[in-house]
Amino acid sequence: MKEEFKVEIVNPEKSFLVKEDVSEVVVPAYEGEMGILKDHISIISFLKPGIIKILSKSGDNNYYVEDGIVEFKDNNLSILTSSIFNIAEMDKSKKQNLLKQAEIESSKQELNDQTKYLIDQKIEILKTLN
Amino acid sequence: MASLDDLKKRIASVKSTQKITKAMKMVAAAKLRKAQESAEKGRPYSEKMNNIILNLSCGISDKENAPKLLSGTGNDKVHLCVVMTSDRGLCGGFNSNIIKKAKSYFSKILSEGKELKIITVGSKGNDQLKRMYGDKIIENISFKESKNANYFDADKVGKIVIDKFVSSEFDICTIFYNQFKNVITQIPQAQQIIPLNSENSEDNTSEESYEFEPDEDEILSNLLPKNISTQIFKAMLENSASEQGSRMSAMDNATRNAGEMVDKLTIQYNRSRQAAITKELIEIISGAESL
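Residue numbers (this note's numbering), protein chains in the order written: chain A, 1 to 130; chain B, 1001 to 1291.
Next comes chain A alone, as it looks inside the complex:
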């Protein structure tokens, strides 16, 4: 039995990544990190800022996302996101920039609790990356 499934990450501009031989994906879902294996039940959920881990035979990849939606169905995992970066390709200044932006956002006054919480989370993740 093959224990692999297909993952597809798309952002508005292009199809970011397609991988057929994935054994496990860990996504930062709305209510906590969620590991997805083959034959998972069909699910739709949100992403919050965090790190997507893709484990496959050809090597593991980590991606940083800020928001998005995941859909898993018939052993196809689709991740829709407008902001995703491959951590291995991010250099120091890029990370610093993102962190700075997030900090500026969090210093704004008119935020409601939920966005504030998401931004704080973003800052925390970025700090661990830096």
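There may be inaccurate statements among the hints.
Not the full set, but computed from the structure, chain A residues with beta-carbon under 7 Å of chain B [to be verified]: (1) LYS14; (2) PHE16; (3) GLU31; (4) ILE41; (5) SER45; (6) GLU71; (7) SER78; (8) LEU80; (9) THR81.
If you are wondering where the hints come from, they were derived from the structure by calculation, not from laboratory data. Remember, predicted model here, so these are calculated numbers, not experimental data. From the three backbone atoms N, C-alpha and C, an ideal C-beta is built for every residue, glycine too.
Following the hints, complete the assembly by docking chain B onto the known chain A.
Just chain B now, kept in the frame of chain A:
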């Protein structure tokens, strides 16, 4: 009859115009390839988004309390139209096709006694609509600075639309854009985005039940605003590909026409030159004969 000098000048001027149109065609062709590519690359996202929403809206338990973006406000009194055009001219019928489509829709709405509000995206549409519907235009957005259509811009338009919807300034929102079919054909489209029109999308939803995290309503109310931006982004991508395609074929035509004109003028020039020579010869000969 124009003098030889005049003809010469005209030929030169048509030739230089031809050079310009030729260069514009080349530039449009290069840009078209890029725009087309990004339009194709952008499709999976909007398709996937559409699918998820379709699946969700099928599975929604409480139709009565469904988010307003999906089910509408229940009225259809105030229509908001987002007319998306280009910022530059010289692209054939591109802008006027959209405007024509939009205008026929406007007059239909107005004749039904409904209220109309217009948002124009791109300065060319604003220029053309301002004369007839100037008082209806509530906002004009232009992305002259951004070179390519990007999601960030689309998101800005989407946010404006959603803000207006939340403050209940309109009931129904329709976007107008050109769908890119191929270089020669672009089809002006009117697409209703609020409330979401799920009837015209093909039925490929499965009965399979999903697990939702958090619950459906929350996902839907988060997803629908995103979908609006996505649809607008899709329209922008299609539009930019259409614009370049339309410009390319318009400039190709212009170059060809200029070529024909140069040929015609050259023949005319040669004929009158020959006529002048013949006339001169006749004068000399008849002068010599009379001696």
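Can THR81 (chain A) be said to touch chain B, with a Cβ gap under 7 Å? 9 Å, violated
Is the hint on SER45 (chain A) kept, meaning its closest Cβ partner in chain B is under 7 Å away? It holds, given that the least Cβ distance between SER45 (chain A) and chain B is near 4 Å, below 7 Å.
Would you settle whether the hint for ILE41 (chain A) is holds or violated, based on the nearest Cβ-Cβ distance to chain B being less than 7 Å? 5 Å, holds
Hint check: is the beta carbon of PHE16 (chain A) less than 7 Å from a beta carbon of chain B? 10 Å, violated
Per the CB criterion, is GLU71 (chain A) less than 7 Å away from chain B? Check passed: Cβ of GLU71 (chain A) comes within 5 Å of chain B, closer than 7 Å.
Under the criterion of a CB-CB separation shorter than 7 Å, is GLU31 (chain A) in contact with chain B as hinted? Holds: closest Cβ of chain B sits about 6 Å from GLU31 (chain A), inside 7 Å.
Would the stated hint for LYS14 (chain A) survive a check requiring a Cβ distance to chain B of less than 7 Å? Interface hint status for LYS14 (chain A): holds (4 Å vs cutoff 7 Å).
With a cut-off of 7 Å on the beta carbons, see whether SER78 (chain A) makes it to chain B. The hint holds - SER78 (chain A) has a Cβ within 7 Å of chain B, the shortest such distance being about 5 Å.
Given LEU80 (chain A) was flagged as interface, is its beta-carbon under 7 Å from a beta-carbon of chain B? Result: holds, 6 Å to nearest chain B Cβ.
In this structure, the hints that do not hold are numbers 2 and 9, in rising order.
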